[in-house]
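Enquirer: One letter stands for each residue in the lines below.
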Amino acid sequence: MHAEMNTKILEVLEKHEAEVLAEWIKEQIGATTLRPDLLREGELREQCTKFIKLLRDAILGSNILDIQRPHWAPVRDMLGEISRSRALQGFSASETATFVFSIKQPIFARLRKSHDKADSLAEDYWSATVLFDKLGLYTAEMFQKSREEIIGRQQQEMFELSAPVVELWQGILCLPVIGTLDSKRTQLMLEALLERVAATQAEVAIIDITGVPAMDTLTAQHLINTVNATRLMGAECLISGVRPQIAQTMVGLGVSFTDVITKSTIAGALAIAFKRRGLGVKDLQPSEEPGV
Amino acid sequence: MERIPILRMGEFLLVTIQVDLHDRLATTLHDDLGKSLASTGARGVLIDISALDTVDSFIARVLGNIAQMSRLLDAETVLVGMQTTVAITLVEMGVSLPGILTALDAEKGMARLRAAMRKGRARASPKD
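If you read the protein sequences in the order shown, they are chains A and B.
Quick note: the first sequence uses the numbering used here, first residue 1, plus one each step.
Quick note: the second sequence uses the numbering used here, first residue 1001, plus one each step.
Hints listed in this document are in silico derivations from the structure and should not be mistaken for laboratory results.
A virtual CB, placed ideally from N, CA and C, is assigned to each residue, including glycine.
It is possible that part of the hints are untrue.
Unchecked claim - Chain B residues, not near chain A, derived (Cβ > 10 Å throughout):
id, residue
1, 1031
2, 1053
3, 1061
4, 1068
5, 1074
6, 1079
7, 1081
8, 1083
9, 1092
10, 1098
11, 1105
12, 1108
13, 1121
14, 1122
As the list claims (entries may be wrong) - Calculated cross-link-like contacts (lysine to any residue; reagent style SDA-like; alpha-carbon spacing at most 25 Å):
id, chain 1, residue 1, chain 2, residue 2
15, A, 184, B, 1088
16, A, 113, A, 184
17, A, 275, B, 1039
18, B, 1108, A, 184
19, B, 1108, A, 52
20, A, 275, B, 1094
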């Protein structure tokens, strides 16, 4: 049953390849979803020619309805490749899926001419529709996946940017945290901080949480873990920038930072750090009041 | 039998772990340290673990026990040179080694021991 349907699409592809290709490309160029600013016609033509060739090979080798078959792997790979490159170029999902959906029209027109019976034509229409829908959906899916990969990578880059460890003074490190603290980010933060402690042999590390908008028990636990790990390494960890709202939430949640020195400002924490290192700040201007 | 050497340096005992610390070795170290502390009357123990790539929960517990035992024998324990990855793993396991002092390297560890001793003497002297 399938064999007969296969031959028709195959026949169309084999007999009228040039026409289908021309119409398909025309269809895409005419469609409002093509982005001439992003894709050149030559490139499009190349992609279309390759796709038709792969499609023909795949139909020759397997059951038409099942694009999961190994014979279809080259087609899938190519669609995946196209989706990825278009996602990178900034195409939208429907713009990308149109690549597959627009081939329907030229193929269907040829199918109509090659069938003489209405029944077989309807059947062939159906199988062709199923096939191209599946391919189209696959393209959309791959597009989505590539977009997610891009988002993931950007997030990763943001994470890396968001854990800068700065040296305030010799032997005093500071990690200003800006934004929400989740498990993944604290992990990165922890690693960055400990690596810097090991590299610089800093004795005091200050974590500044002025830029953290909200805290929950999990975040607090992460912070405590960071403090403990720093302590295990042999350095002291101070927390600064605790705002009144955060202090209130902490108390409300029943989380207490025992054994951790917390300060409301980074200046306060820095003063403690100086004291630990046996340093002091002196006022160079002569003044009446005794210096601090 | 394999043993980890315990060196005496003035009032302190020095232990550098340079081999893979397996369970038996750890318990042997614990016993040996107890004996040495009792016989020498040392006031501090410095354990260098900078060569240890992994510390499991058992070893961590033994280290904690050593610290507590030393405290009972009137000595402070300082753990120096813990690697970054070890610190992260221990914290993730929920081990924070509360009774133990830490330092980045042996020199800073010695300084901490001396400071702790001074503090101990200062605390003890008013009672005398």
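Enquirer: All the hints need checking, so say for each whether the structure fits it.
Expert: Structure-based check of all given hints:
no.: 1; hint: 1031; in the structure: 24 Å, holds
no.: 2; hint: 1053; in the structure: 14 Å, holds
no.: 3; hint: 1061; in the structure: 14 Å, holds
no.: 4; hint: 1068; in the structure: 17 Å, holds
no.: 5; hint: 1074; in the structure: 23 Å, holds
no.: 6; hint: 1079; in the structure: 8 Å, violated
no.: 7; hint: 1081; in the structure: 7 Å, violated
no.: 8; hint: 1083; in the structure: 8 Å, violated
no.: 9; hint: 1092; in the structure: 7 Å, violated
no.: 10; hint: 1098; in the structure: 8 Å, violated
no.: 11; hint: 1105; in the structure: 7 Å, violated
no.: 12; hint: 1108; in the structure: 7 Å, violated
no.: 13; hint: 1121; in the structure: 20 Å, holds
no.: 14; hint: 1122; in the structure: 18 Å, holds
no.: 15; hint: 184/A / 1088/B; in the structure: 13 Å, holds
no.: 16; hint: 113/A / 184/A; in the structure: 59 Å, violated
no.: 17; hint: 275/A / 1039/B; in the structure: 38 Å, violated
no.: 18; hint: 1108/B / 184/A; in the structure: 32 Å, violated
no.: 19; hint: 1108/B / 52/A; in the structure: 72 Å, violated
no.: 20; hint: 275/A / 1094/B; in the structure: 30 Å, violated
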